[in-house]
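K.L.:
What follows is each chain in one-letter form.
There are 2 protein chains.
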Amino acid sequence: MEQYQQLDGIFQALADPTRRAVIGRLGSGPASVGDLAAPFEMALPSFMKHIHMLEEVGLIRTSKSGRVRTCTIETTRLAAVDDWLKAQRLIWERRTDRLEQFVTEDKDTRK
Amino acid sequence: MEQYQQLDGIFQALADPTRRAVIGRLGSGPASVGDLAAPFEMALPSFMKHIHMLEEVGLIRTSKSGRVRTCTIETTRLAAVDDWLKAQRLIWERRTDRLEQFVTEDKDTRK
Chain A
0 MEQYQQLDGI
10 FQALADPTRR
20 AVIGRLGSGP
30 ASVGDLAAPF
40 EMALPSFMKH
50 IHMLEEVGLI
60 RTSKSGRVRT
70 CTIETTRLAA
80 VDDWLKAQRL
90 IWERRTDRLE
100 QFVTEDKDTR
110 K
Chain B
0 MEQYQQLDGI
10 FQALADPTRR
20 AVIGRLGSGP
30 ASVGDLAAPF
40 EMALPSFMKH
50 IHMLEEVGLI
60 RTSKSGRVRT
70 CTIETTRLAA
80 VDDWLKAQRL
90 IWERRTDRLE
100 QFVTEDKDTR
110 K
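For the protein sequence lines, the chains are A and B, in the order given.
Its first residue numbered 0, the first sequence is counted upward by one per residue in numbering that gives the first Met the number 0.
Its first residue numbered 0, the second sequence is counted upward by one per residue in numbering that gives the first Met the number 0.
Isolated chain A, as found in the complex:
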């Protein structure tokens, strides 16, 4: 029915202020899990659950070098949300066009 099945997980992942903050921070560039966790009053295992969820839905990728795990944002995933929103906007615009056409036809100025 829908071409956006991955959106379930992406929207779910974004429905949390900690995960949105991580996405916001990673927008400025890759960061270690330690640096990402620092602003939050949260035990590391709890924080890691957020990181894993973001990684699972593909919003970030992580790589480990020695003891440091570095996170990088995957902007293409957020683009999927953008695409969905654009599709919605298209639906509304078509509707507005139809309403406009109706008004225009009513004024008998049809092309």
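By construction, these hints were calculated from the structure, which means they are not laboratory data.
All of these numbers come straight from a predicted model, not from anything done at the bench.
Note that beta-carbon positions come from the ideal geometry of N, C-alpha and C, so glycine has one too.
One or more hints might be untrue.
Claimed, not checked - Pair by pair, the computed Cβ-Cβ distance ranges are:
#1 A:F39 x B:G33: 54 to 60 Å
#2 A:L89 x B:E99: 18 to 24 Å
#3 B:G28 x A:D34: 45 to 51 Å
#4 A:T75 x B:R93: 16 to 22 Å
Unchecked claim - Here are the computed lysine to any residue pairs in the SDA-like style, where the Cα-Cα straight-line distance is at most 25 Å:
#5 B:K85 x A:G8
#6 A:K85 x B:F101
#7 A:K85 x B:G23
#8 A:K85 x B:K85
#9 A:K85 x B:R88
#10 A:K85 x B:Q5
#11 B:K85 x A:T75
#12 B:K85 x A:E99
#13 B:K48 x B:G28
#14 B:K85 x A:P29
#15 A:K85 x B:G57
#16 B:K85 x A:I90
#17 B:K85 x A:K63
#18 A:K85 x B:L89
Knowing the structure of chain A, use the given hints to seat chain B on it.
P.N.:
Only chain B this time, still in chain A's reference frame:
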């Protein structure tokens, strides 16, 4: 910490294909709960839960006339998602600008 607290509920509401389909349908104009439910193989009480969730987070509003409940989309709520995405894009763009500046300075063409 974040100005987008309502986003928790909005993203949560959008993390479901039925609810996204309802939003998509309502983009074309208001519809009764019966019409909205028709395409889904789902008991009405289950479908109503989706409607209530969308109404709770403000993505739709509903009004009852006699026995018919009509649903209308609230596009301003989806605009909140759009605003958040735009804020993220701004962060990436600033980063890209810094990278560009770095490359430019490296070429000694600083203004």
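K.L.:
Which of the numbered hints above does this structure break?
P.N.:
1, 2, 6, 12, 17
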